[in-house]
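Using the sequences and the hints, build the whole thing.
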Amino acid sequence: MTILEVKGLVKSFSGLTAVNDINLEVREHEFLGIVGPNGAGKTTLFSLLSGQLPPSAGKVVFEGRDITGWSANKVAATGLVRTFQLMRPFESMSVLDNVAIASHARHRSRRAARRHALGVIERVQLERYVNSLSGSLPTAGLKRLELARALALEPRLLLLDEVLAGLVPAERAPMIELLRELHTDGVTVMLIEHIMTAVLALSERLLVMHEGAQLALGEPRAVVDDPVVIEAYLGEDYA
Amino acid sequence: MTDMVDKQVHSAADRDDPRLKDRSRSRAYLALLVVAVVLALLPLGMSDRVETIAVRTLIFAIMAVAWNLMSGYGGLFSFGHAAFFGIGAYTDAYLVVDHSVSPWIAMIVGALLAAAAGGAIAFLCLRYRLAGAYFALATFAFAMMFLLVVQNLEILHKTEGFNLPILPTYSWKMMQFAQGSRNYYWIPLGILVVALAGTIAFVGSRAGQYAQAIRDDEVAAASLGINALRYRLVTVALSCGLTAVAGAYYTQYYFFVGPDQGFGSGVSIEAMIPAVIGGIGTVWGPVIGALVVGPLAEGITSILRNPPQVLSFLQGLTGLDVAVYAVLLIVIVLFMPKGIYGTLRDRWRK
Numbered sequence: 041m042t043i044l045e046v047k048g049l050v051k052s053f054s055g056l057t058a059v060n061d062i063n064l065e066v067r068e069h070e071f072l073g074i075v076g077p078n079g080a081g082k083t084t085l086f087s088l089l090s091g092q093l094p095p096s097a098g099k100v101v102f103e104g105r106d107i108t109g110w111s112a113n114k115v116a117a118t119g120l121v122r123t124f125q126l127m128r129p130f131e132s133m134s135v136l137d138n139v140a141i142a143s144h145a146r147h148r149s150r151r152a153a154r155r156h157a158l159g160v161i162e163r164v165q166l167e168r169y170v171n172s173l174s175g176s177l178p179t180a181g182l183k184r185l186e187l188a189r190a191l192a193l194e195p196r197l198l199l200l201d202e203v204l205a206g207l208v209p210a211e212r213a214p215m216i217e218l219l220r221e222l223h224t225d226g227v228t229v230m231l232i233e234h235i236m237t238a239v240l241a242l243s244e245r246l247l248v249m250h251e252g253a254q255l256a257l258g259e260p261r262a263v264v265d266d267p268v269v270i271e272a273y274l275g276e277d278y279a
Numbered sequence: 002m003t004d005m006v007d008k009q010v011h012s013a014a015d016r017d018d019p020r021l022k023d024r025s026r027s028r029a030y031l032a033l034l035v036v037a038v039v040l041a042l043l044p045l046g047m048s049d050r051v052e053t054i055a056v057r058t059l060i061f062a063i064m065a066v067a068w069n070l071m072s073g074y075g076g077l078f079s080f081g082h083a084a085f086f087g088i089g090a091y092t093d094a095y096l097v098v099d100h101s102v103s104p105w106i107a108m109i110v111g112a113l114l115a116a117a118a119g120g121a122i123a124f125l126c127l128r129y130r131l132a133g134a135y136f137a138l139a140t141f142a143f144a145m146m147f148l149l150v151v152q153n154l155e156i157l158h159k160t161e162g163f164n165l166p167i168l169p170t171y172s173w174k175m176m177q178f179a180q181g182s183r184n185y186y187w188i189p190l191g192i193l194v195v196a197l198a199g200t201i202a203f204v205g206s207r208a209g210q211y212a213q214a215i216r217d218d219e220v221a222a223a224s225l226g227i228n229a230l231r232y233r234l235v236t237v238a239l240s241c242g243l244t245a246v247a248g249a250y251y252t253q254y255y256f257f258v259g260p261d262q263g264f265g266s267g268v269s270i271e272a273m274i275p276a277v278i279g280g281i282g283t284v285w286g287p288v289i290g291a292l293v294v295g296p297l298a299e300g301i302t303s304i305l306r307n308p309p310q311v312l313s314f315l316q317g318l319t320g321l322d323v324a325v326y327a328v329l330l331i332v333i334v335l336f337m338p339k340g341i342y343g344t345l346r347d348r349w350r351k
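Residue numbers (the working numbering), protein chains in the order written: chain A, 41 to 279; chain B, 2 to 351.
Note that these hints are calculated values from the structure, not bench results. For glycine and all other residues, C-beta sits at the position ideal for the given N, C-alpha and C. Check before you lean on any hint, since a few could be wrong.
Claimed, not checked - Sample of chain A residues facing chain B (criterion: CB under 7 Å; computed from the structure):
no., residue
1, N113
2, A116
3, A117
4, R122
5, L126
6, R128
7, E131
8, S132
9, A142
10, H144
11, R146
12, R154
In structure tokens, the structure reads:
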């Protein structure tokens, strides 16, 4: 079953076309990797899907509902939730309250929201920092906090923007394991990532973007072996 | 996925985890109770002169607590709170003088009008994406506009303002008591205590948490499903309504309000200064700031009225208070950027 349908999605910023005619169908429970060089339009694509930016043309259908042009908060409330590449914690708040902000979507009382948030924090193994100010977290902690807040909304489609970037290799493995678990539990995931080993380990399909356009889409190994992709993105050394 | 989270949630619930306990809130209520009792007993040993200063301080404190809701917790810096103070002061004056309405009712009507006006102004500013200094300037411009309108409205007595009639009988209903009655102190104290209790409740509520999240990072808050505009407007409305209550009490206490006392830019500064000095975005900061600014303002006023020999050149001048606030503000910003309370609290925690 299709959970997300993207048709002819375009975003232009005064002359520059950041996203150029993306067509995509994401199946329920799928893990879709998105790769491409810097400036390929990956993050802009996420911003269009999650409502941070209005598209210049095209259509976004989530679970059968046309959500094109919806505001970010409305999209998030439907179950399509994103994280940010540059972490955006609520710095004056503790880790627990950061996550509780998201839990409040389903739990009106502060007590219930914080209780729910604590469960999510344990899930992403951030319990060491529960009552620390979020601004004081190291990068790896902030990445997990981004993830925890998104998970607290109980999303059905999760857009992850470089959750592994900035982590040292030792921190990557547990994060990859966590993403795999989430996927096994039934969340549909779209993952933007530069670290190819991680992308290949997790993705069931791979979308390659280049200069805003969709260069290739398909089974990951086949896609990375595609000469067009190698030339445009991975460079000749890879071949 | 949902199942997994639920399982975790139940495990946390069963244990009644100590990490979930938020003692700061119950501690704040307890502190408020102590402060309220102490302040309520104070006037028993006060001279009338001191009571005047105390009442002025309480009015400052209510304004600052109100300003802090919108600008401290909501992150929308208002430089035009005179607009809402003036609406409260004038609504009270108009209804009490011209229609003999009870000041208590006038106070509520004023608060509702100010909440609506504040909501409308904030909506316009946010709709056109005014942020930071531009938002502050826009609120200042609106307050100025209100001042000009009031100065030119016959129904509000143009530049003359309103004098409250002194009634033949004393009553709670009309908020008039014998001269020197301590009720004039206890009423604003009661309002302040309710405002502080409301602040503590708001800060810990869902709406208050949302407001602070939006202040910290609006984009992130929206990505978590929060309607930033809605919760900003709620915060603004609360702040403006409370400011109007302070304005209404001002009219009642001084028996007079004119355009400058209600809508003058000095009023906007007086709402802001105690909060900044005491510590914005904290429950107690505005009160502590008011304890500094209230006596100071009263002191300056009396010096200007009756300057000692050396300062005789000050006789009849105005604006000295604003100059002193400016100096005080510079000192605070330089040495205690988080305000007196904020700075001390951080030091204590370390």
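Hint by hint, here is what the structure shows:
1. Against a cut-off of 7 Å between C-beta atoms, the interface hint on A:N113 holds, since the closest Cβ of chain B lies about 5 Å away.
2. With a least beta-carbon distance of about 4 Å to chain B, the hint placing A:A116 at the interface is held under the 7 Å criterion.
3. Using the Cβ-Cβ criterion of 7 Å, the hint placing A:A117 at the interface with chain B is satisfied: the shortest such distance is roughly 4 Å.
4. With 7 Å as the threshold, the beta carbon of A:R122 comes within range of chain B, its nearest partner Cβ sitting at about 6 Å, so the hint holds.
5. Taken as an interface hint, A:L126 does not check out: its beta carbon lies about 10 Å from the nearest beta carbon of chain B, beyond 7 Å.
6. Residue-level restraint check for A:R128 holds (minimum Cβ-Cβ distance to chain B is 4 Å; threshold 7 Å).
7. Using the Cβ-Cβ criterion of 7 Å, the hint placing A:E131 at the interface with chain B is satisfied: the shortest such distance is roughly 6 Å.
8. The closest approach between the C-beta of A:S132 and any C-beta of chain B is roughly 6 Å, which is under the 7 Å cut-off, so the hint is satisfied.
9. Below 7 Å, beta-carbon pairs count as interface contacts, and A:A142 has one with chain B at about 5 Å; its hint therefore holds.
10. Hint on A:H144 holds. Least Cβ distance to chain B is approximately 5 Å, under the 7 Å limit.
11. Restraint check, A:R146 versus chain B: the minimum CB separation of about 10 Å is more than 7 Å; hint violated.
12. A cut of 7 Å between beta carbons decides the hint on A:R154: the least distance to chain B is about 5 Å, and the hint holds.
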